Amino acid sequence: MELLPPDIPLPPGPPSRIYSPRPSNPRRRLLDLKRNLIDRFAFFRLGLQEYLNYDDEGRRRIRQYILIPPNPGPWPGHPRSAPRQTIWAIRRPGVLARLFSRGEQGGSMRRAADRVGRTLRRDFRPARLRFRRRLGYGGFGAAFLFEMSDRDGSVLPVVVKAAISGRQRLRAMQKEEENFVIMAGAQHFVQRCVLQRIPDPGRPTGALNTLRGLFSRLGLRRNAPDRNDGNDHDDVDNANNPADRVQAARSLLDHRRDIIIMEYMSRGNLQSLITRLQGRDNKLSDRMLWLIFECLFKACIAMAYPLAFCPRDKNPWEDFVMLQDETAPTRSGRLPEAPLVHFDIDPQNALIGDFGLPGEDHDSVPIVKIADPGLSQVVDERFRRDEWKLWAHRTCGKADFYTPEQFTPEWDYKASKGLHDLSREQTAGNYQWWTNLFQVGCVMFCLVTQCSPPMPPVAKPYSYSAEDGSNDILNGYTYGMILYAGEYRSVDRRLRDLIARCLDHNPMERPEMRYLESVIDANVGRMDLRGRESDEELMRNAHMIFGEPP
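Going by my numbering, the first residue of the sequence shown is number 490, and it counts up by one from there.
Keep in mind the hints are simulated off the structure, nothing from the lab. A couple of the hints might just be wrong.
The calculated SDA-like cross-link candidates involving lysine to any residue, where the alpha carbons are at most 20 Å apart (straight line), are [as the list claims (entries may be wrong)]:
{"#": "1", "residue 1": "K903", "residue 2": "E914"}
{"#": "2", "residue 1": "K903", "residue 2": "P996"}
{"#": "3", "residue 1": "K772", "residue 2": "I579"}
Listed next, with one range per pair, are the computed distances between beta-carbon atoms [to be verified]:
{"#": "4", "residue 1": "S597", "residue 2": "W877", "range": "29 to 37 Å"}
{"#": "5", "residue 1": "L556", "residue 2": "R622", "range": "49 to 57 Å"}
{"#": "6", "residue 1": "E998", "residue 2": "R801", "range": "32 to 40 Å"}
{"#": "7", "residue 1": "P615", "residue 2": "Q574", "range": "54 to 62 Å"}
{"#": "8", "residue 1": "R518", "residue 2": "S597", "range": "47 to 55 Å"}
{"#": "9", "residue 1": "G596", "residue 2": "M1033", "range": "32 to 40 Å"}
{"#": "10", "residue 1": "R769", "residue 2": "L741", "range": "39 to 47 Å"}
{"#": "11", "residue 1": "V1013", "residue 2": "E870", "range": "32 to 40 Å"}
{"#": "12", "residue 1": "N560", "residue 2": "R820", "range": "49 to 57 Å"}
{"#": "13", "residue 1": "R823", "residue 2": "G596", "range": "49 to 57 Å"}
Remember, it's a predicted structure, so these values are computed and weren't measured experimentally. Just so you know, even glycine gets a beta-carbon here, dropped at the ideal spot from N, CA and C.
All chains, full assembly: derive it from the sequences and hints.
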């Protein structure tokens, strides 16, 4: 089945937050791109502040003298001496921060977001959705919370993300929605909602409760207080607003390409969780860390096989898709042919949902899902043959969460000569499912240390016994050696070892999917960890740490 969006013309424009200026001559523009990025990443290796303060205009004349390749031969390997690193405690709170930074309250961006909110409030009223509040806004859009309820008071919240203005932003929003669609059915990836498949609130009681289990319970509430002074739902039982008219209104919203309607993750993100833990001088237990790691790893499996979780008889643009748990395929040794590489996995984009029902998955620690696929790219054979895209995606994402595939010095040697030489490198441009795994390792690093990844990134040698109990000795270069500092000694050693391997410089030395699945599964149920924290204690502690949804 061919999965296509509604037949609406799309405006042209490059993807957001990726290097985009292109001279008219293709060979010239590729040469300029290479020189620009080689120069920028020279500053990146000095530190984050130097990279962020890069003077593009001032360096323009200098860049034209950069040779391609800048250095002859292959990359000689990791240097013995390394620059001094800086590590910051994570202290920046806020829902959807970075993506939706608030800025000045009276700024033009806020006014633009409020105008969009008023328009959406009017547009969603015929579909029987009530506006609740604005969640955040920024240069790439705004997010709003809407709710619908049935007659017995059950409430279903949804998040509506909207482009504020500009053809380029609109195209980025449409690309993000397409990425949501191909992830339909993956339990550990935030899901796009299809409003026309949601039960009519005007029907007999309990209709919305049929959605339990589709979106990790989605924060369903009963008899929720009306926090909105407006009167958005006065016409719910109005005879002049029949069910077919409601469905027509929802269908129109589903087919709009300037908005994305998605599930609401009621407990914020891992960034806000880390901030709360610091404020209370608290930390996550080993069992909590393993369970969160399991969620994030399953999201990696989901992104490795987009469209694999949507049945063939379903159209994810139009139908609700039942969620499936993600498991690694039984065949080993074969890499995914066209994985979705996220490029923007960090604590901000790892969202926390609800606890599962007793006896179900996530009954002790709430589910964690990956969100915000706006920068995500399906890395298929066509992508791998596009040298421009391989280079341009070096700056895709947030600088402190770049992967070795993006920042390795290999780019400054033979890899810069052409696509043939680049394709032979082990790390440079080798985007695959393991690129997502590296960023998941960064998120786990943040949870253990409550700090951002150290900058500039420096790989250091490691050697230890394999996590599966075999006699194998694992060697490599990891960006996670700080995990072995004395202040983190109380954290489970097996967990730190596995995170360190996920942060290996060489993507092919990171744990294989089946191996990682078996190791995580074995450690989630370890008896020695249960001895330190029983199931009852885990559940009680998790409810205190993760709290009740706002």
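Hint by hint, here is what the structure shows:
no.	hint	result
1	K903 with E914	holds, 9 Å
2	K903 with P996	holds, 19 Å
3	K772 with I579	holds, 13 Å
4	S597 with W877: 29 to 37 Å	holds, 34 Å
5	L556 with R622: 49 to 57 Å	holds, 54 Å
6	E998 with R801: 32 to 40 Å	holds, 36 Å
7	P615 with Q574: 54 to 62 Å	holds, 55 Å
8	R518 with S597: 47 to 55 Å	violated, 32 Å
9	G596 with M1033: 32 to 40 Å	holds, 37 Å
10	R769 with L741: 39 to 47 Å	holds, 46 Å
11	V1013 with E870: 32 to 40 Å	holds, 36 Å
12	N560 with R820: 49 to 57 Å	violated, 40 Å
13	R823 with G596: 49 to 57 Å	holds, 50 Å
Of the numbered hints given earlier, the model fails hints 8 and 12; all others are met.
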